[in-house]
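A.B. asks: One-letter residues, chain by chain:
There are 2 protein chains.
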Amino acid sequence: MPALDLAFSALADPTRRALVHRLSRGPARVTDLAAPFPISLAAVSKHLKVLERARLVRRVRAGREFHLALRAAPLREVARWTARYQRFWTARLDALEAFLGKE
Amino acid sequence: MPALDLAFSALADPTRRALVHRLSRGPARVTDLAAPFPISLAAVSKHLKVLERARLVRRVRAGREFHLALRAAPLREVARWTARYQRFWTARLDALEAFLGKE
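Chains as they are written, first to last, in the numbering used here: chain C, 1 to 103; chain S, 1001 to 1103.
Just so you know, these hints were derived from the structure itself, not from any lab. Remember, it's a predicted structure, so these values are computed and weren't measured experimentally. Ideal placement from N, C-alpha and C gives every residue a C-beta, glycine not left out. Incorrect hints may have been included.
[As the list claims (entries may be wrong)] Away from chain C, derived, C-beta distances all over 12 Å, residues of chain S:
#1 A1028
#2 R1029
#3 A1043
[Said to hold, decoys possible] With a straight-line Cα cutoff of 20 Å, these simulated EDC-like cross-link-like pairs (lysine to aspartate or glutamate) come out:
#4 C:K49 <-> S:D1005
#5 S:K1049 <-> C:D32
#6 C:K46 <-> C:D32
This is chain C alone, in the form it adopts within the complex (with noise of 0.2 Å):
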């Protein structure tokens, strides 16, 4: 699957968005990543799993035991995909104040 799609896919559950959220502050353990959601640490695995596969986390060693680290090159593309359409919504969204100064 192109990794746009892995990133966009993963990206679409808020569990795994607030995953992103919390390790772009700095790498975690699982157990220490789990600890704020009212889900289990399995689910909370199942979740780091699917940013692995889409290469939004990566697995370092620390001593003996593992960290969950974000990795920066998956959210830049989704970033520049996106922002390829920002004069777009600039546009749209000026041309609707424009209307809106009218009425």
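We have chain C already, so just place chain S on it with the hints.
C.D. replies: This is chain S only, laid out in the frame that chain C set:
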């Protein structure tokens, strides 16, 4: 389902991203949208339904027929969510560059 879930999920498909790209240039009829794709009109219509459900596309009446038009808001929300991590990937890529420079 939250709007952001629906938007990310709808964009996790290359045909749907291509349809968004086409519609960013202006509204179009389903048949015109479908023409460049190597899939059936029915398949394109299904993809458009997914985009409509995610509120990325809306149907507008144009005389006796309907056109599809892109909607700005969900695209902007996806861009906003992703832009929060720009600082993260800029830092990562700067670190990588510094590391490669030392090698």
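A.B. asks: For each hint, tell me whether it holds in the structure or not.
C.D. replies: These are the hints, each one checked on the structure:
1. The Cβ of A1028 (chain S) sits about 14 Å from the closest Cβ of chain C, beyond the 12 Å cut-off, so the non-interface label holds.
2. Annotated as non-interface, R1029 (chain S) keeps its C-beta farther than 12 Å from every C-beta of chain C; the closest such distance is 19 Å.
3. Every CB of chain C lies more than 12 Å from the CB of A1043 (chain S), the least distance being 17 Å, so the non-interface label holds.
4. This hinted pair checks out: K49 (chain C) and D1005 (chain S) have alpha carbons roughly 18 Å apart, not beyond 20 Å.
5. Of the pairs offered as hints, the one joining K1049 (chain S) and D32 (chain C) is violated, with about 40 Å between alpha carbons and a cut-off of 20 Å exceeded.
6. The hinted pair formed by K46 (chain C) and D32 (chain C) meets the criterion: a straight-line CA distance of about 15 Å does not exceed 20 Å.
Checked against the numbered hints given earlier, the structure breaks only hint 5 and satisfies all the rest.
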